[in-house]
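Student: Go ahead and model the full structure; you've got the sequences and the hints to work with.
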Amino acid sequence: RLVGEKHLKLRVRHGGQLRDAIWFGHSEPVAERVRLAYRLSIDEFQGQQRLQMVVEAAG
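Residue numbers (the working numbering): 433 to 491.
Treat the hints as calculated values from the structure; they're not laboratory data. A couple of the hints might just be wrong.
Only pairs whose alpha carbons sit at most 16 Å apart, straight line, appear in this in silico EDC-like list of lysine to aspartate or glutamate [unchecked claim]: (1) K438 x E488; (2) K441 x E464; (3) K441 x E460.
Pair ranges (Cβ atoms, derived) [claimed, not checked]: (4) G447 x I474: 16 to 24 Å; (5) V486 x P461: 14 to 22 Å; (6) R465 x R433: 12 to 20 Å; (7) D475 x R445: 28 to 36 Å; (8) Q480 x E460: 15 to 23 Å; (9) R445 x R471: 12 to 20 Å.
Bear in mind that the values here come from a model prediction, so they are computed numbers and not experimental data. The beta carbon of each residue, even a glycine, is placed where N, CA and C say it ideally should be.
Tutor: Here's what the structure looks like:
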């Protein structure tokens, strides 16, 4: 789903588990199956912290 005007929020399956991911500066939809280059980050929202994948590229 689109977050704001320029960011794509994704749910990705990694290691058999669903993970949150965000791709800053990217608003185009991606294929259902895609390889991602990402880095891990901590997302803090309303006092809660979660592991988040920050997408750098897809191919």
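Student: Work down the list of hints and note, for each, if the structure agrees.
Tutor: These are the hints, each one checked on the structure:
no.: 1; hint: K438 x E488; result: 14 Å, holds
no.: 2; hint: K441 x E464; result: 14 Å, holds
no.: 3; hint: K441 x E460; result: 11 Å, holds
no.: 4; hint: G447 x I474: 16 to 24 Å; result: 18 Å, holds
no.: 5; hint: V486 x P461: 14 to 22 Å; result: 18 Å, holds
no.: 6; hint: R465 x R433: 12 to 20 Å; result: 18 Å, holds
no.: 7; hint: D475 x R445: 28 to 36 Å; result: 18 Å, violated
no.: 8; hint: Q480 x E460: 15 to 23 Å; result: 29 Å, violated
no.: 9; hint: R445 x R471: 12 to 20 Å; result: 18 Å, holds
Hints 7, 8, counting from the list given before, are not met by this structure.
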